[in-house]
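Protein chains in written order, with the numbering used here: chain X, 4 to 341; chain H, 574 to 782; chain A, 121 to 316; chain B, 19 to 472; chain F, 44 to 249.
Among the hints, a few may not be true.
[Said to hold, decoys possible] To give an idea of the chain X side of the interface with chain A (calculated C-beta under 7 angstroms), a few residues: (1) Phe124; (2) Ala129; (3) Thr132; (4) Tyr220; (5) Met223; (6) Phe313; (7) Ile317; (8) Ala320; (9) Pro323.
[To be verified] Subject to a maximum C-alpha distance of 20 angstroms in a straight line, what follows is the list of computed PhoX-like cross-link-like pairs (lysine-lysine): (10) B:Lys275 x B:Lys24; (11) H:Lys710 x F:Lys207; (12) H:Lys578 x F:Lys115; (13) H:Lys622 x H:Lys739; (14) A:Lys292 x X:Lys71.
FYI, nobody ran anything at the bench for these hints, they're computed from the structure. Cβ coordinates follow ideal geometry from the N, Cα and C atoms, glycine included.
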Amino acid sequence: MLKDLSVSFSPHISQALSTRTVMVDVVIGLAPAIAAAGYYFRLRALILISTCVIASVATEWVCNIVRKKACSLGDFSAVVTGIILALSLPPRLPVWTAVIGSVFAIAIGKMVFGGLGSNIFNPAMAGRTFLAVSFGTLMTTWATPATIDGKMPKIAAENMIHARTQATPLAWSKMAIKNQLGADIYGEQNFKWTVTGEVGGCLGETSVIALAIGLGYLLMRRTIAFHIPLAVALSAFVFGTITYWIDSYSYVQPFYHLTSGGLLLCAFFIATDPVTAPLTRRGMWIFGIGVGGLTMLIRVFGGYPEGVMFSVLIMNAVTPLIDRLCKRVPAGGKPSVT
Amino acid sequence: MGKLKHFIEQSWLLIVSSFVFGLLLAATNYALEPTIRQNRIDKLNRLAKGLLPDAVHFREVVERIELTSSRGKTSDIAVYKGEGDGEKCVGWSFTVSGSGFADRIDLVVAVDAKFENFAGYDVLMSNETPGFGDRIKDKDYYFWKQFKKGLPVGQLKLVTSGDPEKVDSEIVAISGATISSEAVVRILNDTVGQIKEQMAKKGLISNGK
Amino acid sequence: MDTLNALVLAFISMVIINNLVFTKFLGTCPYLGVSGRIDMAFGMGMAVTFVVTLSGVLTYMINNWILMRFGLEVARYVCFILVIAGAVQLVEMYLRKFFPSLYESFGIFLPLITTNCAILGLCLFLDLWGVDSLILAAVESFGAGIGFTMAICIMAGIRENLQLADVPGCLKGAPITLITAGLLAMAFMGFAGMIR
Amino acid sequence: MAAKIKGRLSFRGGVHPPERKGITCESAIQAGPAVKEVAIMLSQHIGAPCRAVVEKGAEVEAGQKVGDCDAFVCAPVHSPIAGKVKEIGLRSHAVLGRTLAVVISAEAETSPVQPAWELKGDFDASAYSSGQICEAIREGGLVGMGGAGFPTRVKIEPNPQKPNETMIINGCECEPYITCDYRMMLERTNQIVAGVKLAKAASGCSRAIFAIEDNKPAAIEAVSTALRGSNDIEMAVVKTKYPQGGERQLINSVLRKRVPTGGIPPMIGVVVLNVATTAAIADAVVNKRPLTHRVVTVSGEAIARPGNYYVAIGTLAGDLIEFCGGVTRQSAKVIMGGPMMGLAIADLDTPLTKTSGAITVLTKEQIGKAKFKRQQTACIRCGRCLAVCPENLNPTKIAHAVKSNLLELAQSYYLNACMECGCCSYVCPANIELTGYIKTGKIFVARQKKRMPQ
Amino acid sequence: MANEGEARAGVYKDTLLAGLWRENPVFRLLLGMCPTLAVTAAVKPALTMGCCVIFVLVCSNVIVSLMRHLLKPHLRILMFTLTIATFVTIADLILRAYVPVMSETLGPYVPLIIVNCIIICRAEACASKNGVVVSIIDAVGMGVGFTGTLCVLAGIREVLATGKIFEVAVMPGSFLPWAAMGMPVGAFVTLGLMLGLVNLTSKARR
Ligand SMILES: Cc1cc2nc3c(=O)[nH]c(=O)nc-3n(C[C@H](O)[C@H](O)[C@H](O)COP(=O)(O)O)c2cc1C
Ligand SMILES: Cc1cc2nc3c(=O)[nH]c(=O)nc-3n(C[C@H](O)[C@H](O)[C@H](O)COP(=O)(O)O)c2cc1C
Ligand SMILES: Cc1cc2nc3c(=O)[nH]c(=O)nc-3n(C[C@H](O)[C@H](O)[C@H](O)COP(=O)(O)O)c2cc1C
Ligand SMILES: Cc1cc2nc3c(=O)[nH]c(=O)nc-3n(C[C@H](O)[C@H](O)[C@H](O)CO)c2cc1C
Ligand code: SF4
Ligand code: SF4
Ligand code: SF4
Ligand code: SF4
Ligand code: FES
């Protein structure tokens with residue numbers, strides 16, 4: 004009866020929580036965004052998402068075999084990477100391109116560093132950036148949501164002959180800078196479109212409502228802390244407000260920056276990737292402000308209409324320095340003698 | 574004295590070899606300099622000829638043309654006259670530059686004899702992203718072809734959508750590289766008009782006819 | 121005001137947009153050599169900044185005021201490398217004499233810097249870009265040094281984290297550093313086209 | 019009426035494990051198993067180990083001193099039963115491994131008899147001088163009964179260089195399952211209060227604060243009632259949270275003061291005493307009874323008759339479990355102490371010591387939920403461990419540095435400031451045994467220091 | 044006599060092979076990384092670069108070997124640098140005269156050969172200690188090893204970045220080029236993976 008007593012370090016009980024539950028929670032949090040993507044982009048969304056997930060998981064599986072490591076698919080992190088990558092892709096992207104992106108994300112972005120937890124850069128964003136850098140045209144070709152049959156002004160793909168980039172809400176912002184019509188662009192109608200998600204854009208980024216529901220779930224489950232999302236959104240908002248104050252003809256309304264493009268997807272699901280974000284609360288604030296600020300810097304002054312992927316990668320790179328900067332001091336102060 | 578001797582003892586090899594290397598360099602330079610210079614001229618000619626196929630050779634116009642950039646800096650450029658059979662003027666060519674997406678872009682531009690229509694441009698130097706802005710060089714791409722079709726000289730306008738087949742002052746940008754496209758258009762807008770004006774002033778072309 | 125603006129932009133451009141390491145592949149060897157010691161990386165970066173600024177200015181003067189004036193361009197490379205070697209020597213002697221503590225902290229890096237291609241590379245690029253004023257040359261060289269310091273410090277930070285990571289054996293060391301550098305270079309492409 | 023300290027008395031970090039005190043909180047203290055043989059460990063506490071003062075074969079009486087030493091940081095040990103010294107040999111010690119113990123065997127089984135607690139609420143400590151109290155405490159072999167077992171005399175004795183100012187009586191009992199202190203506070207209230215008065219008088223503290231977690235209203239009620247009339251002892255109802263009972267946390271919660279890292283409470287003039295210790299003080303000073311018995315909570319889902327038992331120190335853990343009806347379900351882990359900080363033992367012949375406040379027996383299912391059964395993944399840097407660390411450390415960094423054998427890096431992240439509370443391991447979703455790595459790291463560092471004396 | 048000749052031939056062969064693989068400057072010694080990365084967007088510039096390095100390496104090794112007995116210790120490095128800079132300038136002039144297109148593509152990376160560690164390292168490690176013949180063989184071995192590595196790297200990058208190699212299309216028509224491979228990312232990541240592969244094979248052998 005009292006045989007085979009196991010001995011281990013204390014504590015002997017633990018919270019009913021595992022890496023898998025954390026990752027599954029993120030998938031659940033992403034579910035509304037996935038549903039919105041399916042609603043607006045129909046089959047394309049489902050094809051892209053399943054392609055990315057399958058390719059990511061398969062890549063991780065192969066990497067495990069090559070390294071002769073135990074199978075790590077059970078932690079579901081590859082699934083999350085696949086979904087987030089897919090949600091950040093334009094709907095019309097060819098399937099094989101999505102496969103290249105997923106393979107790059109998992110193999111180069113994650114597994115060469117040692118797999119889950121060791122990667123320095125956000126794998127999904129690394130994969131997306133690789134695609135953006137490699138296949139620029141494909142990655143800036145947007146589709147009209149299936150719900151509006153190309154009736155929408157300016158957003159719809161009017162001219163697909165040359166597969167030209169089409170104006171997404173962010174392109175409006177660039178247009179505002181160029182043509183001095185910031186004040187005109189922002190209207191109630193446009194705002195409504197960007198909130199519900201009935202606009203062109205990447206699969207998962209268009210619907211603010213769906214993202215907000217997901218955020219609520221993650222916060223409720225304490226999967227993420229509120230610091231990073233808040234810092235990203237706040238800093239972007241402040242940046243946008245300042246530019247808007249300075250010149251409301253050249254720059255669009257700050258709210259508009261928040262609801263358009265990938266900013267909220269990034270703030271809620273990407274910048275919050277625990278592996279590549281700082282550990283401490285103070286670090287999270289710095290990180291979030293960096294992501295939001297850099298995104299806006301690139302949006303407003305840079306060459307690209309969207310800055311999310313670059314700002315996330317750059318802040319990922321400085322995360323070790325942030326962690327060092329925010330090194331915690333023990334509760335009792337630094338020991339006088341070591 | 575002893576110090577000098579010591580110095581020479583220590584470093585005679587250095588002094589001698591500096592001398593020898595100097596000579597070696599001078600000799601090589603002397604031997605290759607003309608070829609190098611000719612290379613540069615050949616390249617310009619080749620590019621210009623690609624734009625003005627009728628030209629047999631190019632001659633530098635003696636007068637220098639002064640350009641004022643939008644920042645207010647002035648610079649001199651040389652304009653070459655393309656001469657066909659029997660010294661007939663078939664067009665003009667010159668190099669202009671401006672800033673692109675990543676770095677400076679140097680363009681060779683050719684216009685017809687009357688300075689009325691573009692004969693096209695070619696890229697002398699650019700550092701744009703391969704696959705994006707790099708396509709301003711791509712002769713098979715619609716962007717480049719728009720300038721080859723005898724576009725009238727004048728203010729060009731860049732648009733992101735439109736029909737690149739139509740010959741008008743609306744230039745359809747390269748998708749994903751609006752900035753590079755814009756740079757080309759801007760460089761042309763900023764310089765070609767000025768050059769035309771000064772050439773007309775100097776009586777090299779007849780104005781307004 | 122305009123000049124000042126141009127100088128500030130030139131500086132920022134050299135630090136983040138045209139970063140020598142990320143866009144021009146210069147100074148890769150020290151980049152691969154950095155350990156997880158951020159203080160060492162910072163010292164190295166500072167030493168490079170110091171020398172690169174000095175050499176940028178000196179070579180600019182020699183190039184524009186002597187070589188170009190007398191048609192001696194053919195001797196450009198020889199002169200540049202001698203100037204750099206001389207500058208390093210000078211700095212070393214100067215530091216040893218007047219700032220022994222500073223010499224202690226980054227003196228060890230100084231001899232290594234002579235063969236750091238970032239320095240020669242920058243001098244050559246200044247020439248290639250046709251930088252046309254001494255102050256601009258100085259600002260750009262200083263910016264290049266700071267950009268190098270930033271890059272090397274970021275890398276040192278990442279290396280510290282990688283110490284604890286389960287990197288595959290065959291990729292440990294230089295390979296993973298190269299891959300990281302690649303992803304970093306990709307991230308920094310985001311600033312392209314920012315200053316025109 | 020005792021003054022009550024107001025405010026939200028808590029600290030930053032910490033966790034809320036399921037309390038599970040319901041299993042034993044209603045069970046009054048009963049007599050524990052009758053024993054025929056006890057093994058008194060000669061090393062029961064931090065500080066110098068005792069030397070046996072009896073020979074093999076010698077007859078000892080109940081309460082007779084069997085081990086002592088001259089070191090300052092030391093407390094003697096006594097025999098709880100009358101019998102014969104069977105041997106002085108090695109026995110399993112929960113913390114120290116195999117160490118020397120005096121084994122005493124009696125002719126017949128002796129049942130522990132709970133003394134009559136005759137003290138009244140209006141006990142007057144002024145009858146005893148400080149020296150007298152200290153001497154009685156030392157002779158009684160009192161050590162801290164809250165965990166580490168530091169000799170109580172050393173703590174209390176006034177230090178002219180650093181006078182004691184405040185005394186905190188630790189009635190938090192924040193570990194899950196354990197209720198021995200709670201029962202003590204309900205049933206031996208007067209004795210505890212008397213002990214506090216004695217300790218306060220002896221230590222020269224101007225303040226004494228009784229701290230109890232807010233999940234024990236009955237204990238708060240009982241203690242407040244007993245403190246009526248002694249208005250120099252304050253009450254502090256602190257927030258229920260693990261490890262509220264850790265002295266560094268408790269001091270922070272109650273006094274808003276921080277004990278320096280690597281330092282001890284006396285450095286800021288504070289003395290922290292466990293309630294069981296204060297009860298023992300009263301017993302030692304007033305009744306001249308040495309510390310030979312203590313209350314032990316035997317709990318866990320697998321125990322047939324869980325409860326609080328008055329047990330002779332030196333009783334074997336197995337005997338106590340047997341006495342409680344043995345285990346009913348498939349049990350997998352026997353823990354000396356609570357599930358958060360206690361030590362799992364493999365040898366049921368491990369004797370109880372003065373600091374063993376509990377034995378917890380966990381079932382397979384419960385362990386299934388604990389670390390080692392579930393698969394450990396890589397750290398996902400979620401930061402939970404940082405968020406809960408009461409000492410504001412970076413547990414993942416320390417643990418991974420230890421794992422990679424980078425002890426210097428670990429120390430640069432303040433390895434030694436960890437108090438091993440286990441919060442970080444408790445919350446880690448990747449199931450990493452952070453506390454375990456940290457403990458290992460501390461041992462490595464200690465070994466290294468020993469090898470390379472400065 | 045014959046034996047001696049054989050022994051010498053053995054030394055030569057060893058020296059040659061060392062540079063090609065065993066002590067390959069890029070893979071094994073991690074030297075000259077900057078040009079390796081910068082000029083390998085396509086095979087042609089890589090090959091040109093390699094040839095320049097071979098030229099400079101051979102010339103400087105010969106000169107250094109010839110004057111190895113005359114070198115004063117404290118002026119040694121200065122002499123090396125001077126020699127190398129001279130030959131690099133000559134190589135640059137030749138390129139500009141005869142392959143102007145490549146000269147433009149390579150830009151400042153040709154003069155940067157001056158600080159390429161391989162050359163000074165060989166001058167120091169080999170030429171200043173050995174006779175002319177061994178120095179030449181060493182230079183050729185190292186140079187060819189360097190060039191070969193450059194070309195392999197450049198080949199991979201060019202095929203993926205443009206679908207062509209030596210400007211001849213090799214990929215199926217439906218292949219869309221991966222522009223990233225032509226950029227710094229491609230250079231760093233490909234070289235990193237190649238180094239990893241080399242480490243793997245050498246470990247497997249051992
Ligand atoms: C990796 C990368 C490289 C780019 N390079 C260029 C470039 O060289 N020239 C350019 O004009 N745009 C370049 N772009 C795109 C611009 O930043 C910008 O998105 C575009 O000019 C906006 O115009 P659009 O309306 O055509 O999208 C690049 C984009 C990426 C992702
Ligand atoms: C080397 C050492 C010296 C100590 N000195 C004292 C002291 O002088 N006074 C005191 O009250 N506690 C002293 N302590 C005890 C600690 O502060 C603390 O009370 C004890 O480690 C915790 O045990 P507990 O949790 O069971 O009481 C000392 C501890 C150690 C390890
Ligand atoms: C994590 C942790 C939790 C603790 N919890 C309690 C507790 O709940 N009750 C208690 O009396 N002592 C607890 N202690 C021990 C106290 O720190 C302290 O040593 C003790 O209260 C001092 O009293 P003593 O010397 O009378 O044992 C805990 C210690 C640690 C490190
Ligand atoms: C809140 C949260 C957000 C995540 N975001 C991302 C993400 O943006 N990209 C990604 O590749 N993985 C993400 N993951 C999954 C996982 O952390 C990631 O695959 C690791 O970076 C792999 O080491 C996320 C996980 C969590 C818990
Ligand atoms: S100290 Fe400088 S030279 Fe040495 S390895 Fe580090 S970076 Fe390289
Ligand atoms: S690091 Fe130590 S003090 Fe902090 S939570 Fe973990 S065990 Fe507790
Ligand atoms: S709680 Fe676990 S997974 Fe989270 S940071 Fe700490 S060690 Fe890593
Ligand atoms: S030159 Fe110096 S740094 Fe370069 S390889 Fe040779 S020894 Fe190493
Ligand atoms: S730093 Fe070594 S070749 Fe550039």
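Which hints, by number, does the structure contradict? 4, 5 and 13
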